[in-house]
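From first to last, the protein sequence lines stand for chains A and B.
Per this note's numbering, residue 1 is the first one in the first sequence, and the count goes up by one each step.
Per this note's numbering, residue 1001 is the first one in the second sequence, and the count goes up by one each step.
Don't read these hints as lab results, they were simulated from the structure.
Hints are not guaranteed to be accurate.
Now the in silico label distances, taken between C-beta atoms and shown as ranges [said to hold, decoys possible]:
#: 1; chain 1: B; residue 1: Tyr1070; chain 2: A; residue 2: Pro392; range: 36 to 42 Å
#: 2; chain 1: B; residue 1: Gln1073; chain 2: A; residue 2: Asn423; range: 34 to 40 Å
#: 3; chain 1: B; residue 1: Tyr1070; chain 2: A; residue 2: Thr215; range: 54 to 60 Å
#: 4; chain 1: B; residue 1: Ser1067; chain 2: A; residue 2: Val118; range: 54 to 60 Å
#: 5; chain 1: A; residue 1: Tyr367; chain 2: B; residue 2: Asn1055; range: 34 to 40 Å
#: 6; chain 1: A; residue 1: Leu332; chain 2: B; residue 2: Asn1005; range: 37 to 43 Å
#: 7; chain 1: A; residue 1: Ala314; chain 2: B; residue 2: Ser1004; range: 55 to 61 Å
#: 8; chain 1: B; residue 1: Glu1064; chain 2: A; residue 2: Gln420; range: 32 to 38 Å
#: 9; chain 1: A; residue 1: Tyr367; chain 2: B; residue 2: Ser1067; range: 31 to 37 Å
#: 10; chain 1: A; residue 1: Ser353; chain 2: B; residue 2: Glu1025; range: 51 to 57 Å
Idealized CB from N, CA, C, for every residue including glycine.
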Amino acid sequence: MSHCESHHEHDALLCILPPYMLENLAEHGTAAEKKLARQALADASAVRAERSAIASRTTRSPRAAAAVAKRRTIYSANNGTQLPGTKVRGEGQSATGDASVDEAYDGAGATFDLYHDVYSRNSIDNQGMELISTVHYNQNYNNAFWNGQQMTYGDGDGNLFNRFTIAIDIIGHEMTHGVVQHEANLVYQNQPGALNESFADVFGSLVKQRSLNHTAAQADWLIGAGLFASGVNAQGIRSMKAPGTAYDDPKIGKDPQPAHMNDIYTGSGDHGGVHINSGIPNRAFYIAATQIGGYAWEKAGRIWYETLRDKLAANSDFQTAANETYNVAGALYGINSAEQQAVRNGWEAVGLSVAGLGWQTNRLVRYVFSTYASKSAYAIIEGVSGWLKVHPESADGVSNVLKALEIAKAFDRRVNVYLQNINGANCITRIYLL
Amino acid sequence: MWHSNKLVKYTYTATVSKFGYAIVEDVNGWKQIYPSTPDGVSNLFGLLSVAKASNRRVNVFIQEINSVDYITQAYLV
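Isolated chain A, as found in the complex (with noise of 0.2 Å):
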């Protein structure tokens, strides 16, 4: 079982890299790489075992305001794995030559600097936490992490993999897994810890393209080009613009990222693909980003970040960052508007029809639910996810709504819905029957 892999959600380190790759060049490298790479995967038990705790008591982050001031710290393990290590540079000290702890330090700024001035965000958690970092981590260490508290670089072998700091974008991942920690805390697992993975390339891109001043157009939308070694047949560890394609090497193997709901993987491995099934919602921030144009952290890196703040749950699936995403654009752009419009369009263009709130049209009624208590009844909509309940506004009203429900369910007829959130929940609140 691999460093970056457990049988429980919680117990999981989030990695940068997949455990997939190291386990085939754990089968395909030459005995050194296999060596390093079984290393990479060997059991942290204690190390995962403080990810569950920290994971566990973590809650949303607050709205109250918190004294802004970047706190960076990087330590060195000095290729042991004690951490956080012996401290190396604080804030404000000097460069120190040392390249990893140097680009580690910048990287953690440009981070915070993302969050800060585009999104108000004081930190990680809001609160101005203080932002720490490991580099040198074990010997020849291919893989980085965020452990619940802090993140954590390895060297890489030198041979395949660069140091992992070498990649901003790496370094906007790993931090972007503690932004969403204090947020949506979403689970480790399957459609949530995809999106979970998909957040952290979005804003790890994002950090980088602002470093570098790329539009949207401009941006290359890998994740981590420049940390393999050469003589690798690898652009980087994931293309957000084409899944599938970063990586064709005979020893880490072939990138597996789908980029379409038709292709999504639905085994157990990668914690049910956590590191695969992300290609699908980052290919949607791609075109939604492309499609507003400019610069992605402003429109677009908007959307996706109040999404993850206020809409999203630790359970939230693909279905709900897409309408979610669709009803918040709608919200900062207005309806209908050519932002929102972008981000349907990345949604379609990966196969979700996105259900925003008001009028859903033409829709099939799937599955209509009442029970003997008042004001009682609910149904499931072609297109929208969950079940969606009548707004018990009257006793009668609910009546009525509910009968063309039957109605149409009952006749294969399509209807328009419109849809309300009411007191968080999302309900049916009028309805033609077509």
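Chain A is fixed; fit chain B onto it per the hints.
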């Protein structure tokens, strides 16, 4: 006035009380079911919706009340 042997084009309702509308063939525009009683509106709305969904015809009585035309009676034929 009775409008006989007509198709129901659309029905519309909401969760507010005594609220139902329909468009009936050869009758101009949306016509509200007269909001007299909750169960009366529900009964007429149900009848009109079944007619719509099953392509059955209806006889509807359109009555002017306080200068507004309402649906007040219907037969499912």
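Structure-based check of all given hints:
Between B:Tyr1070 and A:Pro392 the beta carbon distance is about 26 Å. The supplied range of 36 to 42 Å is therefore violated. Against the hinted window of 34 to 40 Å, the Cβ-Cβ separation of B:Gln1073 and A:Asn423 comes to about 38 Å, which satisfies the hint. For the pair B:Tyr1070 and A:Thr215, the beta carbons lie near 58 Å from each other, so the given range of 54 to 60 Å is met. Separated by about 57 Å at the C-beta atoms, B:Ser1067 and A:Val118 satisfy the suggested range of 54 to 60 Å.
Distance hint for A:Tyr367 and B:Asn1055: a CB-CB separation of about 24 Å, inconsistent with the stated range 34 to 40 Å. For A:Leu332 paired with B:Asn1005, a C-beta distance near 52 Å fails the hint of 37 to 43 Å. Judged by the Cβ atoms, the range 55 to 61 Å given for A:Ala314 and B:Ser1004 holds: they are separated by roughly 59 Å. Between B:Glu1064 and A:Gln420, the C-beta spacing of about 34 Å keeps the proposed range 32 to 38 Å intact.
Against the hinted window of 31 to 37 Å, the Cβ-Cβ separation of A:Tyr367 and B:Ser1067 comes to about 43 Å, which falls outside the hint. Distance hint check: the CB atoms of A:Ser353 and B:Glu1025 are about 33 Å apart, inconsistent with the given range 51 to 57 Å.
Violation of the numbered hints given earlier is confined to hints 1, 5, 6, 9 and 10; the remaining hints are satisfied by the structure.
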